[in-house]
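Participant: Sequence:
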Amino acid sequence: MDIELVKSKIHRVKVTQTELHYVGSITIDEALMDAANIIENEKVQIVNVNNGQRFETYVIKGRKGSGEVCLNGPAARLAEVGDVIIVISYARMDFEKAKTFKPWIAFPDENNRVN
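Per this note's numbering, the very first residue in the sequence shown carries number -6; after that it's consecutive.
Please note that a few of the clues may not be correct.
To be verified - In the DSS-like style, the derived pairs of lysine-lysine whose C-alpha atoms are separated by at most 27 Å in a straight line are:
id, residue 1, residue 2
1, Lys57, Lys90
2, Lys90, Lys7
3, Lys36, Lys90
4, Lys57, Lys0
5, Lys7, Lys92
Simulated from the structure, these hints should not be mistaken for lab results.
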């Protein structure tokens, strides 16, 4: 049996920009992506801590070390600059393997940087 569980998470990162008139997605600093083991075009769930919105989109790689987290397209209506969000990706795997799997979790600082 396969189950779905958390593969990666960027926990409590700030939205730095919104771009309504852009093809939908989320642009994330490549350093944050690397820290959480998220790749470009990966499907992610976004959870907005400030307003409770939850939605899915895909990731676009942002400039490494920039700290940028930009919601693009319709997602731009679901958060404000400065809102705190959680970015989560999931993976399907064998039930037994899932019992020992450890997700990659990044805890950025107040400037969206990871150590």
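Participant: Given the hinted pair Lys7 and Lys92, is their Cα-Cα distance within 27 Å?
Facilitator: Roughly 31 Å between the alpha carbons, so the hint for Lys7 and Lys92 is violated.
Participant: Holds or violated: are the alpha carbons of Lys57 and Lys90 at most 27 Å from each other?
Facilitator: violated, 32 Å
Participant: Given the hint that Lys57 pairs with Lys0, does the C-alpha gap stay at or below 27 Å?
Facilitator: holds, 22 Å
Participant: Next pair to validate is Lys36 with Lys90; report whether the Cα-Cα distance is within 27 Å.
Facilitator: Given that 27 Å is the threshold and the Cα spacing comes to 22 Å, the pair holds.
Participant: Measure nothing beyond the straight line between the CA atoms of Lys90 and Lys7; if it is 27 Å or shorter, mark the hint as holding.
Facilitator: violated, 33 Å
Figure legend: structure checked against the earlier numbered hints; hints not met, in rising order: 1, 2 and 5.
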